[in-house]
Amino acid sequence: MTVSEAEAQMALEARLGRPWRKPPLIRRAWLRWALGIGALVYLALAVASVEVNWARVYEGLDRGAAFIAAFMSPDFASRASDIYAGMLESIVMTVAASVVGIGVSIPIGLGAARNVAPLPVYLACRGLIAVSRAFQEVIVAILLVAIFGFGPLAGFLTLSFATIGFLSKLLAEDIEAMDRVQAEAVRATGARWLQWINYGVQPQFMPRLIGLSMYRIDINFRESAVLGLVGAGGIGATLNTAFDRYEFDTAAAILIMIIAIVMGLEYLSGIVRARVQ
Amino acid sequence: MLRLEKLTKTYPTGDMALQAVDLEIPAGQIVALIGPSGAGKSTLIRCINRLVEPSSGAAWLDDVNLTRLSQAALRRQRRRMGMIFQEYALVERLTVMENVLSGRLGYVGFWRSFTRRFPQKNVDEAYRLLDRVGLLDMADKRADELSGGQRQRVGICRALIQDPALLLVDEPTASLDPKTSRQIMRLIVELCAERGLAAIINIHDVALAQMFVNRVIGLQKGRVVFDGPPDALTAEVLTQIYGEEDWEATIRKPEDEDEAEAAPLPAGAGGA
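Chains F and R, in that order, are what the protein sequence lines are. Take 60 as the starting number for the first sequence in this note's numbering and just add one per residue. Take 1366 as the starting number for the second sequence in this note's numbering and just add one per residue.
It is possible that some hints are incorrect.
Quick list of the computed label-pair ranges, beta carbon to beta carbon [what the hints assert, rightly or not]:
#, chain 1, residue 1, chain 2, residue 2, range
1, R, Arg1477, F, Lys81, 54 to 62 Å
2, R, Ala1423, F, Gly329, 27 to 35 Å
3, F, Arg281, R, Lys1544, 53 to 61 Å
4, F, Arg239, R, Tyr1492, 57 to 65 Å
5, R, Ala1437, F, Glu235, 49 to 57 Å
6, R, Met1381, F, Arg91, 41 to 49 Å
7, F, Arg281, R, Thr1378, 45 to 53 Å
In case anyone wonders, no lab produced these hints; they're calculated from the structure. These figures come from a predicted structure and were not determined experimentally. C-beta atoms are modelled at their ideal positions from N, C-alpha and C, and glycine is treated no differently.
Starting from the given sequences, assemble the full structure and let the hints guide the process.
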């Protein structure tokens, strides 16, 4: 046996009979414990700092009960024409904003994928996405209502803008994670850039695009209910009016319809996603 | 036909994948390129059709210097170089027919390809090629429904429908079983002979290379260290290319040749 073989033998002997544990994520024991204890202390202090006015909560229970009771007897009839008009406006906003948003998202998503687009295009598209994602829908809606006035136009533009930020980002990430070799094979045939996208890249991101689009339609509809609260049109405006008049039974009817439509969309997107894999 | 002059590739990481490779391949010759992983085999064939940009040197296809072409001219030259990939590289969510016809993308306009309305001549040729490799019934199946050997045959059809003068073949059998590997190699060699194509075949399996080609090039650390007939691959040469190992079992013995012919290609008798 040579010297190195003997050393290897000893390295093995030293390990035999000793238990094995997965190495800890944080190697230094003091740091590990300090982080753990610090997190617990912070949690305790944070919970202690929340002020709860128990008397106010007790009073509010009645109002909550009235609200829940209203759900037992939703009133679809007395404001039927308002609800109908609001729903129609919401659906129009959702469909229009989804179509426009998805249409614009595809080129921007391609532009924001580093493995497809040149650097200047990439930076421009990523910048646009960052701006779109930095502002919550309600804030954008308040700005657009100030510019375009009350009504569904502001809501439509808000939702389109938000769709672009959401869809382009996720699409770009999917494109960046695609199988490079499949695309390379199409490029090797002498295809032009557009043909390369159409044959080598598009088939790879299409299922994800369809799934995300279905999800976004769902989100847009829910958001359209919120946007009405700031005057951007849709069912939210009707809902807001109902709350202002303490017509909880009408509000309940609207909420039940929103829930039903969202669940319907969810079911539909499940079917679609299963079929496009 | 193909002539490489001091072709060099240094990756941004400093990895010198190719170091002044000189090589000349006449029309119709099939060459096996062997060498250990990381020797630069893949880089070499990708520098020819410029999926990888060479750092310096020249690659001449007939009288065109491929390394100096504009994007548009490069696309025209890529049509003359069919490529067959390791792991097939079919677009998995497209049908077999779309994959084969994608070999014509360099010839047809965007709208034609976008609407999938290829010239009838191309469609007929695609059917003939699929029939030749025994996959006519699979034309409308999605590529990811096929087995490995079937996928590689579709990959071969995609390369051939380009009507190339040269085939660049990157590890065609790396993920196939031994029998399918031989069938695929035989198919490539037969089709090259039928059409008078030159081919560079990157291959790990030395015995398989010896079985099918007349010229072997050994690459080691980006340099050509061997260039000769398969019979000249002795234990010393293999040690020089790959490093120390017992090579006796790898080197082909004359009686192996009969056994190599014993695995017939199914449905190889189509009209082509």
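Structure-based check of each hint:
1. R:Arg1477 - F:Lys81: 54 to 62 Å: Distance hint for arginine 1477 (chain R), lysine 81 (chain F) holds at roughly 57 Å.
2. R:Ala1423 - F:Gly329: 27 to 35 Å: The hint (27 to 35 Å, Cβ to Cβ) is violated, given that alanine 1423 (chain R) and glycine 329 (chain F) are roughly 57 Å apart.
3. F:Arg281 - R:Lys1544: 53 to 61 Å: holds, 57 Å
4. F:Arg239 - R:Tyr1492: 57 to 65 Å: Violated - the Cβ-Cβ distance for arginine 239 (chain F) and tyrosine 1492 (chain R), about 30 Å, lies outside 57 to 65 Å.
5. R:Ala1437 - F:Glu235: 49 to 57 Å: violated, 27 Å
6. R:Met1381 - F:Arg91: 41 to 49 Å: holds, 44 Å
7. F:Arg281 - R:Thr1378: 45 to 53 Å: holds, 48 Å
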